[in-house]
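Assemble the complex: chain A is given as a structure, and chain B must be docked to it using the hints.
There are 2 protein chains.
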Amino acid sequence: MPNPDRMEAAVHAYVAAFDHGDADAVAALFAEDATVEDPIGTPPHVGREAIRAFYAASMQTGAKLKLDGPVRIARPYAAFAFQVVLHWEGKDQRVDVIDTFRFNDDDQVVEMRAYFGPTNMHGFA
Amino acid sequence: MPNPDRMEAAVHAYVAAFDHGDADAVAALFAEDATVEDPIGTPPHVGREAIRAFYAASMQTGAKLKLDGPVRIARPYAAFAFQVVLHWEGKDQRVDVIDTFRFNDDDQVVEMRAYFGPTNMHGFA
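Chains as they are written, first to last, in my numbering: chain A, 1 to 125; chain B, 1 to 125.
The hints are simulated quantities; they were obtained by calculation from the structure and are not laboratory data.
One thing to keep in mind: the hints can contain errors.
So, partial list: chain B residues that the calculated Cβ filter (under 10 Å) puts toward chain A [what the hints assert, rightly or not]:
{"id": "1", "residue": "GLU8"}
{"id": "2", "residue": "HIS20"}
{"id": "3", "residue": "PRO70"}
{"id": "4", "residue": "PRO76"}
{"id": "5", "residue": "PHE80"}
{"id": "6", "residue": "ALA81"}
{"id": "7", "residue": "VAL85"}
{"id": "8", "residue": "HIS87"}
{"id": "9", "residue": "VAL97"}
{"id": "10", "residue": "THR100"}
{"id": "11", "residue": "GLY117"}
{"id": "12", "residue": "PHE124"}
If you want the footprint, here are the derived chain B segments under chain A, 3+ residues with CB under 8 Å [to be verified]:
{"id": "13", "region": "36-47"}
{"id": "14", "region": "54-61"}
Predicted model only: the values in this text are computed from it and were never measured.
Using N, Cα and C, we set each Cβ at its ideal position, and we do this for glycine too.
So here's chain A without its partners, still in its complex pose (with noise of 0.2 Å):
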């Protein structure tokens, strides 16, 4: 089982790395054959070089992550409700997520999946 510190660590990790446009430390915090399903029912993006990708073209918007309460930790999975919050074509939006990550043994996300949908989305009309 996953370590539950090191779990909450890479959570804030996360937020961190996002919120310095760092692809590679995102990246880094995956499983080789991760899979990043965002929001889930969409086909989702494995593999880590995917999954980095992935985040380097979120990354260009400019959002940024606020965390939204405690991450909440239930090996193998921690669950953590956050804003999206971006400034684009002179419009402050945001968007309510909640986040689960999967980890296995060596405290890798091996499934991130998002959940969050039109009505979470606010500012975009």
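Chain B only, in chain A's frame:
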């Protein structure tokens, strides 16, 4: 696909029914063959009657649920953060939880998974 408005209404009905100690009303939100994994990774409660009994026992503690931020809707899934608040043996206790619901096309919950662990339990020592 389930209806997003009815999905969100089901989450609010779930919180209200739990707070009223109405296990029948909670169970009625679930499909006949639904599963409840609380917390995720433990053996699931399978079927509406087992789910009703599980919630009836949970409600014996007098616990109340307090939503923590907006419900995330990613059809057919909903995810929501909340606190379980209870007063037990003279102590105020709190558990920070994130639940995911998967719905069927009749807007019934077919799968519930709860994310929390020891690091999310406060006031139990």
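We went through each hint and held it up to the structure:
| no. | hint | in the structure |
| --- | --- | --- |
| 1 | GLU8 | holds (7 Å) |
| 2 | HIS20 | violated (25 Å) |
| 3 | PRO70 | holds (5 Å) |
| 4 | PRO76 | holds (8 Å) |
| 5 | PHE80 | holds (8 Å) |
| 6 | ALA81 | holds (4 Å) |
| 7 | VAL85 | violated (14 Å) |
| 8 | HIS87 | violated (21 Å) |
| 9 | VAL97 | holds (6 Å) |
| 10 | THR100 | holds (7 Å) |
| 11 | GLY117 | holds (5 Å) |
| 12 | PHE124 | violated (15 Å) |
| 13 | 36-47 | holds (count 3) |
| 14 | 54-61 | violated (count 0) |
The structure does not agree with the numbered hints 2, 7, 8, 12 and 14 stated previously, though it agrees with the rest.
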